[in-house]
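Heads up: the sequence lines are chains A and B, in that order. For the first sequence, this note's numbering assigns the number 13 to the initial residue and increments by one for each residue that follows. For the second sequence, this note's numbering assigns the number -19 to the initial residue and increments by one for each residue that follows.
Treat the hints as calculated values from the structure; they're not laboratory data. Glycine residues also receive a C-beta, built at the ideal position from the N, C-alpha and C atoms. Please note that the accuracy of each hint is not assured.
Here are the simulated SDA-like cross-link-like pairs (lysine to any residue), alpha carbons at most 25 Å apart as the crow flies [to be verified]:
id, chain 1, residue 1, chain 2, residue 2
1, B, LYS44, A, GLN422
2, B, LYS(-18), A, LYS608
3, B, LYS(-18), A, GLU104
4, A, LYS608, A, GLN422
5, A, LYS742, A, GLY714
6, B, LYS(-18), A, ALA101
7, A, LYS608, A, MET689
8, B, LYS(-4), A, GLU767
9, A, LYS633, A, GLN422
10, B, LYS(-18), A, GLY394
11, A, LYS327, A, GLY394
Chain B is nowhere near these chain A residues, computed Cβ spacing over 10 Å in every case [stated by the list, open to error]:
id, residue
12, ALA16
13, ARG19
14, ARG100
15, PRO118
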Amino acid sequence: MFVADVRLPGLQDIAFVRSGVAHGRLLSVNKPADDRERVFTIDDFDDLNVLEAGPELEAFRQSPYPALASGKVRYVGQAIAACVATTRARAEDLAERVEVEIDELPAVVDAVAAMQPGSPRLFENWADNAFIARTISAGDLNLFSASPMRLKRRFRMNRHATVSLEIRGVVAHWDARLEELVVHLSTQGGHVMRLGLARALGLPENQVRVIAPDVGGGFGGKNRLLPEEIAVCAIALKVGHPVRWIEDRREHLLASVHCRDHHYDLTVCFEPDGTLLGIEGDVHIDAGAYALWPTGSFMEASMAAGNLPGPYRMKALRVNTFTVATNKAPMGPYRGVARPGACFAIERMVDEVAQHLGIEPYEMRKRNLVKRTEMPYVTVAGLKLDTGDYHDSLDTAAKMIDISAIRRRQKERKPGEPRVGIGFAVYTEQSGHGVVEWSKRKSRVVPGYESANVRMLPDGSVNISVGVQNHGQGHETTLAQIAAHELGIDPSQIRIRYGDTATTPFGFGTFASRSIVFAGGAVGVTSRRLAEKIRLIGAHLLQAAPESVRIENGAVLSDSGSVGFGEIARAANIRQEMLPEGMEPLLEFTGTYEPKESAGVFSYGTHAVVVEVDEATGGVKILDYAVSEDCGTMINPMIVDGQVQGGISQGIGTGLYEEIPFNADGQPLATTFGEYMMPCATEIPTVRIAHSVTPALVTEYGVKGVGEGGAIAPPAALANAVADAFRDCKASFNETPLTPRRVWEAAQAAMTRMEAAAETRA
Amino acid sequence: MKMTEISVRVNGVAMKSSVEPRTSLADYVRETCGLTATHLGCEHGACGACTVLVDDVLTRSCLKFAAMCDDRHVTTLEGLANDPLTDLLRQCFHESHALQCGFCTPGMLMAARDLLRRNMTPDEITVRNALAGHICRCTGYSGIVHAILLAASRLKPDD
Chain A
13 MFVADVRLPG LQDIAFVRSG VAHGRLLSVN KPADDRERVF TIDDFDDLNV LEAGPELEAF
73 RQSPYPALAS GKVRYVGQAI AACVATTRAR AEDLAERVEV EIDELPAVVD AVAAMQPGSP
133 RLFENWADNA FIARTISAGD LNLFSASPMR LKRRFRMNRH ATVSLEIRGV VAHWDARLEE
193 LVVHLSTQGG HVMRLGLARA LGLPENQVRV IAPDVGGGFG GKNRLLPEEI AVCAIALKVG
253 HPVRWIEDRR EHLLASVHCR DHHYDLTVCF EPDGTLLGIE GDVHIDAGAY ALWPTGSFME
313 ASMAAGNLPG PYRMKALRVN TFTVATNKAP MGPYRGVARP GACFAIERMV DEVAQHLGIE
373 PYEMRKRNLV KRTEMPYVTV AGLKLDTGDY HDSLDTAAKM IDISAIRRRQ KERKPGEPRV
433 GIGFAVYTEQ SGHGVVEWSK RKSRVVPGYE SANVRMLPDG SVNISVGVQN HGQGHETTLA
493 QIAAHELGID PSQIRIRYGD TATTPFGFGT FASRSIVFAG GAVGVTSRRL AEKIRLIGAH
553 LLQAAPESVR IENGAVLSDS GSVGFGEIAR AANIRQEMLP EGMEPLLEFT GTYEPKESAG
613 VFSYGTHAVV VEVDEATGGV KILDYAVSED CGTMINPMIV DGQVQGGISQ GIGTGLYEEI
673 PFNADGQPLA TTFGEYMMPC ATEIPTVRIA HSVTPALVTE YGVKGVGEGG AIAPPAALAN
733 AVADAFRDCK ASFNETPLTP RRVWEAAQAA MTRMEAAAET RA
Chain B
-19 MKMTEISVRV NGVAMKSSVE PRTSLADYVR ETCGLTATHL GCEHGACGAC TVLVDDVLTR
41 SCLKFAAMCD DRHVTTLEGL ANDPLTDLLR QCFHESHALQ CGFCTPGMLM AARDLLRRNM
101 TPDEITVRNA LAGHICRCTG YSGIVHAILL AASRLKPDD
């Protein structure tokens, strides 16, 4: 059951009146005279608090984001008023009758131009349009002037949407008996959302219950509290009957969490033999109009800069980062957060250097990848790459894809035949990062642990409640596997529960590839405590010494006999006289877990792709896609494969298809699936996957996260493959998505250059 | 708004309803009939999650008005609870990890069943083409394609 399937007596629908302009002063909102009480504007809520969002840094400028527009509108689609009616269609009828007067202002649509003096400003009290500007520099900065060779390139990864297939939704009502607000919310982390909702609404947290039922995908987009969600709850408190808002796809593309939108202007320094020395330049993040609670999109810039050295040995890094406010929907996290952009920039740069020096891109990577014997290796940006074998990963992928066969095919190509190219991209994926990393980032909420409540009922069956939120990751399977391993019972006897703040221990939710490390760890260590108590009771019932018994197949065994968990659980729950003297009854533990080192562990992998490019149309077709990856111990290889394949599908979307362009007035030009290209089964190949297993040293079972990795490397690998197809004319493909038009134009420009050069020589 | 009276056989049950002329078939089965297996992912006919059968023809319920289904048979996924082919597909989806969040699954099952009823021995390209109007954001499609090919391999000629 998803949020839209929740049925409550008296439920009414909400439709929002949204801004049609990107930037303007809100002069008036006129409600229809005969329906005033069913239309709400910000003036109807004098008790709503505006949440401070973004990192807790003095330098981070605040962008107060009210539940409904107040004073100004700052992007097309910003919610201005909410209309309540018995059906969504009738609520939309009502919304059409609300008259909005806006004094339009010049729109800010280009993050780089937005930082030029004289640019219109979104927030009048800011000195410029930057939420924050920071320079990250590390290593031997003298290298930048001393370097024998350098190459300068610009890269751009354009804006798109997160596009969970279930769109966002809220159903809210006041439970008069319990005196609490019950909010059914499609979210990745109900506990954290409750915190934000309670603060915004001015309610104590014990009077807000958030229920996330089945959640139809999130990918980061459901890990921020959005103004509509606050508005719906505020209306529920006023009207006395349940209300719901189910986002439609147009609203999603217009006004839900947007992502990517990175601009890189970089210079890489290197030796004539291809040894990379350092990277410097500017990174602009187009963060949209507001920072979303809790942490906004602030981490994009620092993570983009920090991941620029990638898995390579580099000695110097100097990056000026600008997180810029523009008149677009606010940016939030999306699978891979910042790293797809950073990976695109560095991996394209590696290929550009290779091209410049006439080295095979594969060789270029071999020369620069961190070696297994150097691990743990602290990158110039300060990331500690813990375990793994990056060279082996590259070699495996290269073998799978067969470079020499492609080179042969390229050589034998006849004029008129499609061009073929091969591209590599190596990535790392930080996961399991806790207090150390999130406090360093000045995160408003520090997701440094996860929790689990493990309970054995009187009949021996087990309930486990966790604070993470499954929305497609298969937690019911993997967490039950872990508990089954610790408790010595079959996974089918274990129920995993999540998604209700009233019944689960506090946790942060599912994002940042963290659930298997944190929630898996919490379930593991807490189940172990339960197993130990079961063992002690079992020994007592067997009249054996505790050290002489062991757990096996749902029973405690001694040399002379065994006692089943059912009997032990019965004693612990309802027959306390059978327990050892002084032992507390119940078989229930709540525990938390954080890895022993909380700077994070790094999964990694190599993507290798072969593409065919139609020279006449610029169309790109994927012929083969191979991945060699290592996420440490795999609890469930089928789920790992699903995450890799699914992540790559999204990465292919970023690389080839998905984009929300804006015109000069700040109007978004992709607001339906007619203009927004979603890859389908005809576009996404089945990826061939090879696994290596290098267990992490600091996590339970040696696991590392795997949720995001798949989405990180595809744009880079694809662009490298397309560039490889046009090696002979040195065409560069440095902007995603690689639409037919972009590919065709870049190829044409390169061929024209090549012909002109040939003529000059002649 | 003037209402339209319609008689629709929904999953074999005769329903008499009064609907607004603009009510979509999707809203009708979800809100009036309470059948929530039909999911809405785009409401403009692109994602396929709302796929149902109207007189046994695969139909995007978001693009059809309820009033157009007067005197018709509408079958949602709930109506296929005891259908052997759907059952086989469900089992193969399970075995092939063909769903993650599950939101696209009802539409995928509908499309897969329709394909296998027309073609018991599809190759991979045929399966992919049959799914070309269905969006899955989670799986990257390979599990779904695998599941449908697996189901086809288990079909007996007399099924």
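Checked hints:
1. With a C-alpha separation of about 50 Å, the suggested pairing of LYS44 (chain B) with GLN422 (chain A) is violated against the 25 Å cut-off.
2. For the suggested pair LYS(-18) (chain B) and LYS608 (chain A), the alpha carbons sit about 67 Å apart, so the restraint of at most 25 Å is broken.
3. A threshold of 25 Å between alpha carbons decides the hint, and for LYS(-18) (chain B) with GLU104 (chain A) the separation of about 17 Å falls inside it, so the pair holds.
4. Among the hinted pairs, LYS608 (chain A) with GLN422 (chain A) is inconsistent with the structure: their alpha-carbon atoms are about 50 Å apart, more than 25 Å.
5. Annotation: proposed proximity of LYS742 (chain A) to GLY714 (chain A) is violated, straight-line Cα distance about 44 Å (limit 25 Å).
6. Note on LYS(-18) (chain B) and ALA101 (chain A): the hinted pairing holds, with a Cα-Cα distance of about 14 Å set against a maximum of 25 Å.
7. The straight-line distance between the Cα atoms of LYS608 (chain A) and MET689 (chain A) is roughly 43 Å, outside the 25 Å bound, and the hint therefore fails.
8. Between LYS(-4) (chain B) and GLU767 (chain A) the alpha-carbon distance is near 72 Å, which puts this suggested pair outside the 25 Å criterion.
9. A C-alpha spacing of about 16 Å is found between LYS633 (chain A) and GLN422 (chain A), which places the hinted pair at or below 25 Å, so the restraint holds.
10. Restraint check: the Cα-Cα separation between LYS(-18) (chain B) and GLY394 (chain A) comes to about 68 Å, which exceeds 25 Å; the hinted pair is violated.
11. Proposed proximity of LYS327 (chain A) and GLY394 (chain A) is supported: the alpha carbons are some 11 Å apart, at most 25 Å.
12. In this structure ALA16 (chain A) is not separated from chain B by more than 10 Å, as the shortest Cβ-Cβ distance comes to only about 7 Å.
13. Its beta-carbon lying about 7 Å from the closest one in chain B, ARG19 (chain A) breaks the requirement of being farther than 10 Å from that chain.
14. A Cβ of chain B approaches the Cβ of ARG100 (chain A) within 10 Å, the least distance being about 8 Å, so the stated non-interface status is violated.
15. Taking the minimum C-beta to C-beta distance to chain B, about 32 Å, the non-interface status of PRO118 (chain A) holds against the 10 Å cut.
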